[in-house]
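If you want the building blocks of each chain, they are given just below.
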Amino acid sequence: MTPVFAQELVVDPHAVIEPGKFDAGELIIGHVSNTSLQDPIIHLPRVFGIDLSVTKHVLMLWIVAAFLFVTVTWIVRRFSRQEKPIPGRAMSALEYAVEFIRDSVVAPNLGKKHATAWTPLLLTLFVFILFANAIGLIPLFDLLGLADHWVLHTGDHSIVKRMIHGGPTATGNFNVTAALAVITFGAIIVAGTRVHGFVQHWKNLVPRGLPAPLYILLVPMEIIGMLVRPFALTMRLAANMTGGHIAILAILSFVFVFARMLGTALAGVGVGIVFSVPLAAAMSGLEIIIVLVQAYVFTLLSAVFIGMAIHAHH
Amino acid sequence: MEGFALAYAGAGIGLGLVVIGAGVGIGRLAAGVAEGVARQPSAASQISGATNLPLFLLEGVAVLGEVFCLLIVLLK
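Chains A and B, in that order, are what the protein sequence lines are. Mapping of the first sequence onto the numbering used here: residues 1 to 314, in sequence order. Mapping of the second sequence onto the numbering used here: residues 1001 to 1076, in sequence order.
For the record, the hints were derived by calculation from the structure and aren't laboratory data. As the structure is a computational prediction, the values presented were derived from the model and not from experiment. C-beta: ideal position from N, C-alpha, C; glycine also. Incorrect hints may have been included.
[Claimed, not checked] A few chain B residues that don't get close to chain A, going by computed Cβ distances all over 12 Å:
#1 A1005
#2 G1014
#3 G1049
#4 G1060
#5 L1070
[What the hints assert, rightly or not] Straight-line alpha carbon distances no greater than 20 Å define the calculated SDA-like cross-link-like pairs of lysine to any residue that follow:
#6 A:K203 with A:F305
#7 A:K203 with A:M226
#8 A:K112 with B:G1049
#9 A:K203 with A:G225
#10 A:K112 with B:A1050
#11 A:K112 with A:F305
#12 A:K112 with B:Q1046
#13 A:K113 with A:K161
#14 A:K161 with A:S53
One chain only, chain A, in its complex shape (with noise of 0.2 Å):
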């Protein structure tokens, strides 16, 4: 939830909008999109081609995994070293996640033989995703924005500067749900090669017995249907983390347009109050569910498509 830039929070409600001044369309794209590679946050050369610098995605993706890794370990270690295993509060919170998933999510679809081997995928999944969603709740940079207005100062192409541009969801970046469905799809193929054999997997993806001329039907459809799942998990991350942040904005916008369209500042901060900042609050509060349920989700499908390579019963 990426309220508006701090320089647009500065209202004087007697100053008289001057129009053309406010693009509510590119100040929304301008919010849920990467930053451009061409003005990052750290520059690194080119390898092979590919631009390895860092931009703001990139950056929420280390943070993630930088928090994840640091407080997982921690709490753990912690946990191990105690005269007593007694759980902490920290410690059962992280239990219940392991035994959700390994109980709720993994073992039901992959049978109770398989799970201790996939649940560590899955979980690591599923807490990777839910900490990038929830991430982009938190407006960590927008505070910085409004920081560095009132007090740094800091030049135009000050790092500060950089890192207040673009949005802070780098689950909402259809590039990183690719990569995480990659994952999926190589996962499918192990599970299903590592019970069937490399051989026996692909050939359980059709069923056996029919009569020849329907294979010819059902072999295109089958590997058609293959590559859609990985796609459709793509889709359903980026979209629904973008979505709900395009829609927020939206409607934060309004405060802006009206203020536009009515000539003066007064308008906007009464269609704020009545309107906007009520019905905001109350999407974001959506938006923690749909966080939570995006996460699980991810998780749940992945483990029913490793399931399905698994016990292919055709």
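Starting from the known structure of chain A, fit chain B onto it as the hints suggest.
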């Protein structure tokens, strides 16, 4: 200019159709769950567990449609 206007109209109408379809689908699913739980309250957790997967698959299709509508507008 008219082409742009038609593209916008198409995106808007398409989004509306997507929402109608998804709404009908989720509504039917919810109706089925409510009926099932009303008849068999003891199986409530099993019934709601079984509806999760089709619900998310349905939602995925709807989201795909919305993304393509958005792409029509953004890529015009």
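Quick rundown of the hints versus the structure:
no.: 1; hint: A1005; result: holds, 16 Å
no.: 2; hint: G1014; result: holds, 15 Å
no.: 3; hint: G1049; result: violated, 8 Å
no.: 4; hint: G1060; result: violated, 4 Å
no.: 5; hint: L1070; result: violated, 8 Å
no.: 6; hint: A:K203 with A:F305; result: holds, 16 Å
no.: 7; hint: A:K203 with A:M226; result: holds, 13 Å
no.: 8; hint: A:K112 with B:G1049; result: holds, 18 Å
no.: 9; hint: A:K203 with A:G225; result: holds, 15 Å
no.: 10; hint: A:K112 with B:A1050; result: holds, 19 Å
no.: 11; hint: A:K112 with A:F305; result: holds, 16 Å
no.: 12; hint: A:K112 with B:Q1046; result: holds, 19 Å
no.: 13; hint: A:K113 with A:K161; result: violated, 52 Å
no.: 14; hint: A:K161 with A:S53; result: holds, 17 Å
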